[in-house]
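Going down the list, the sequences are from chains A and B.
Heads up, the final residue of the first sequence is numbered 162 in the numbering used here, and it's a clean run with no missing numbers.
Heads up, the final residue of the second sequence is numbered 162 in the numbering used here, and it's a clean run with no missing numbers.
Quick caveat, the hints were computed from the structure, so don't treat them as lab data.
Owing to the predicted nature of the structure, the values given are computational and were not obtained by experimental measurement.
There could be a bad hint or two in this list.
Pairs involving identical chains hold if they fit within one copy or between any two copies, as the list cannot separate such chains.
Computed cross-link-like contacts, BS3-like style, restricted to lysine-lysine with a CA-CA straight-line distance of at most 30 angstroms [unchecked claim]:
#1 Lys160 x Lys149
#2 Lys160 x Lys43
#3 Lys160 x Lys76
Protein chains: 2
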Amino acid sequence: MKKYCAVVAGVFLIILISSFKITLPADEEVSYPDGYRSWTHVKTSFLGPQHPNVNYRGFDHIYANDLAVQGYATGKFPEGSVFVVEVIEAVPVENYTSEAERHHMDVMQKDSLRYASTGGWGYAQFERDNSRRMLTLEQQKTCNTCHLKQNDHVFSVLRKVQ
Amino acid sequence: MKKYCAVVAGVFLIILISSFKITLPADEEVSYPDGYRSWTHVKTSFLGPQHPNVNYRGFDHIYANDLAVQGYATGKFPEGSVFVVEVIEAVPVENYTSEAERHHMDVMQKDSLRYASTGGWGYAQFERDNSRRMLTLEQQKTCNTCHLKQNDHVFSVLRKVQ
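Next up, chain A with everything else stripped away, as it sits in the complex (with noise of 0.2 angstroms):
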């Protein structure tokens, strides 16, 4: 009995745990991109059936809000900044390689008073569907840690070509 009742207090020791998990009100979340397909690309990476990371296998496009545009010219990007990565699976055709389905989608969103835990930017994730890829805080301050080493916060370079 006293065994079982321990097996019961754990079980209810980690739900009381996950439950603890801090996340950020509704409200708060990072948006769907609505309309994200007519921003600017800014440039795509491709990672074969090898790479290590296999979500991130297939063609990894970058897109880019105006706002966020504006910012790689003055290296500061404004506040309401987005950018989203989609990446897209890959499957060979022929002699080339073709886009197929959507893996998911990373959104970085620069708003430095609703963000300020994570260096002024939010992220998040949608699934295929469009559906939202629950992201607790902590993995949000993951996502900064990277971020943070490059400037405000962005990787890419835009192709100046235009």
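Given chain A's structure and the hints, the job is docking chain B onto it.
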């Protein structure tokens, strides 16, 4: 002396024939697509270093202006629709493939009257430095030979996810 004259006449003949290559008047040529870097990115194909066509190896990005984007929805592309295929050379970086320099650009523009002899679409190419690559009318007709088999001459399909 006779031999010398024959050579000179031959050279003149070659120059004469060359000058009669049929080209469009300058004001009817498809112009450089100013601002295409902020147009909608339709899709990307990746052609590896073994692809037989050296001119298209790397990232082949397709961009469409607003009129062309409308055409994807209706299946009929309005006058003034413009597509760009920008070929960006690829370079291996660690465990992925990155964009390098532009190789060249292909441009097609819808103008049913001006380009009636090539199916209502004009074709042009631009070099890495934006300068025009000479395309004779005969070469443009070769473009048309493949394109006319497609829906209103357009091969690509716009990824639906918005």
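**Item:** Hints violated by the structure (listed by number, smallest first)
**Value:** none
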